[in-house]
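Here the protein sequences line up with chains B and Z, keeping their order.
This note's numbering numbers the first residue of the first sequence as 475 and each following residue consecutively.
This note's numbering numbers the first residue of the second sequence as 259 and each following residue consecutively.
FYI, nobody ran anything at the bench for these hints, they're computed from the structure.
Careful: at least some of the hints might be erroneous.
What the hints assert, rightly or not - Below, a list of computed lysine-lysine pairs in the DSSO-like style, where the Cα atoms sit at most 30 Å apart:
1) K444/Z to K713/B
2) K722/B to K547/Z
3) K668/B to K524/B
4) K444/Z to K722/B
5) K581/B to K722/B
6) K526/B to K547/Z
7) K476/B to K581/B
8) K547/Z to K623/B
Take a look at the letters that make up each chain.
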Amino acid sequence: MKIVVAIKQVPERDARVRIDATAKWIDEDDLQFALNEPDAYALEEALLLKEKHGGEIIVVSAGPERVGTTIREALAKGADRAIHIDCDNLAERDALGVARLLAAAIKPENADLLLTGLQSDDLGQGQTGVILAELLGLPHASLILHVEKTETGFTAKRELEEGWFQTVELPSPAALTVQSSGSTPRYATLMGIKRAKSKEVRSATAADLLTEDTPVAILERVALPQKQKSTRMISGTAKEAAAALVEKLRFEARVL
Amino acid sequence: MSGVCVVMEEREGRISRISWEAAAAGRWLGALMNLPVGAAVVGSHTETLAAEVAGNALGKVARVEHPLLAPYTADGFSLALEQLFRAENPDFVVFPHTYQVRDYAPALAARLGQTLIGDVIAIEDGPVFTRQLLQGRLRGQYRHSAGGPCFLSVQAGAFRAETADIGPEEIVLFTPRIDSARIRVKPGAPFRASAQGVDLASAQRIVSVGRGIKGVENLPLVQELASALGAELAASRPVCDNGWLPPDRQVGSSGHTVSPKLYLAVGISGAIQHLVGMKGSRCIVAIDKNPDAPIFEVADYGIVGDLFELVPALTEALKADSNGLGESVQTDAR
Chain B
475 MKIVVAIKQV
485 PERDARVRID
495 ATAKWIDEDD
505 LQFALNEPDA
515 YALEEALLLK
525 EKHGGEIIVV
535 SAGPERVGTT
545 IREALAKGAD
555 RAIHIDCDNL
565 AERDALGVAR
575 LLAAAIKPEN
585 ADLLLTGLQS
595 DDLGQGQTGV
605 ILAELLGLPH
615 ASLILHVEKT
625 ETGFTAKREL
635 EEGWFQTVEL
645 PSPAALTVQS
655 SGSTPRYATL
665 MGIKRAKSKE
675 VRSATAADLL
685 TEDTPVAILE
695 RVALPQKQKS
705 TRMISGTAKE
715 AAAALVEKLR
725 FEARVL
Chain Z
259 MSGVCVVMEE
269 REGRISRISW
279 EAAAAGRWLG
289 ALMNLPVGAA
299 VVGSHTETLA
309 AEVAGNALGK
319 VARVEHPLLA
329 PYTADGFSLA
339 LEQLFRAENP
349 DFVVFPHTYQ
359 VRDYAPALAA
369 RLGQTLIGDV
379 IAIEDGPVFT
389 RQLLQGRLRG
399 QYRHSAGGPC
409 FLSVQAGAFR
419 AETADIGPEE
429 IVLFTPRIDS
439 ARIRVKPGAP
449 FRASAQGVDL
459 ASAQRIVSVG
469 RGIKGVENLP
479 LVQELASALG
489 AELAASRPVC
499 DNGWLPPDRQ
509 VGSSGHTVSP
519 KLYLAVGISG
529 AIQHLVGMKG
539 SRCIVAIDKN
549 PDAPIFEVAD
559 YGIVGDLFEL
569 VPALTEALKA
579 DSNGLGESVQ
589 TDAR
């Protein structure tokens, strides 16, 4: 079975956010980057399927040079090879533009299964996997927790709202977007890290892929959030803060 | 129709609450842009749904009806609405930002050469659409470039659902052409994973714990705080995903929506998916080490610091307080 996993490198969860001079994105200097968490779960599902059924895993990622470290991480965890779409202006494309780029790189692979995280921790649009399915003509399901191979395709456990689930059946080839819940992503082993160094990473530029990139949805400006409430911040030592909070909860908020 | 079309969703035979919020967003957008506002309902039996919409919030309603539109499939809904929008050519299409919409609207928009502007929290003159980035730590303002319908979905709780004065009702039936071979995914019946052991929705006080607790071995800390407060213990998604607490204690879009008197969040940064489940609480207290955590934006009281020091101190302070209160009650009685 041939599985393509589309992954994204995103700013680390706790990274300090500073808006850059253009006010269109954040200052990326001194920023730490990591593999997008739902994508780590998508990769884990791919690795589990490969362990059971054999086959090949190809990771695809778009972004500037720094994305290389995240690609190596995926290879160290057990992906077989990678395609890096070298692209410095990812943020200027909208979800459709990014998906077109990825689809152009993925299409020639003729994979049986396309997996990706259900959303990115940075832009959070949650659309790439679903648009990829549309562009590649694949049936899809989103918010998937677990995938099993069947004789003709796949069954997947899909999360619904408010604690409900359903099982969906899809013919092969198919595309699934994975929720971060299923099987806990593995760490790379030392052996894996060593092996990753000799695995193939093919580089393609956005120009090679000849995709349209005029955005329809344009991110014009970013800003820090406005407070929805006036928050009373309580300071002092742990003991002082705790005593002050209890007093406020009892006499001000009257919720004790 | 040029204008605004709101796609209303059904839940248990009725229009869902978040769909009324989408309708309010649609009306707001229509007023800004001076455009007529209508709606679409999709399914195999849409008569009562259409009547509910036409009678309550929106004038013109398209009943997009076909036997193959129940149960929901992304293939069926995309095909049906693609045909409706090609025929009617709306300027704006507004969806509620639900799991179902997330499953098909991006594909539908792509089919029409568009990109969905998803999870919108505000619409201003322009129109400019605001959505959250970086898990709520940043806000982005989006514009739609000219040409073709603009697709957007609105976040739960961002617009206030209310009924409006409507013009004359008009309900039209739209029958899409759907070949059963085009529906490739077979959906199973919904099921619930486990028995629901706890009733968070009716809890008066909730102590909720997040990633910051670091490991299951530290949970007794927050359990003691919860019992000192007489509160139920709840959690954000990562805690339940790791199996540290059962899934029926999860608060957020994939778990429970709660609105207790007191919601005390410990080590929860406040991702959008968590905030939509608890921001209706009367009093919100947040304890987190990161001063920039989005949870502080919705909190009434915040303490920035190490939860491993603050939580035991708070438990102690609460115990001392209830002892103190006991004495003062006695004093009053005398």
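Which of the numbered hints are not met once you compare them with the structure shown?
-> 1, 4, 5, 6, 8
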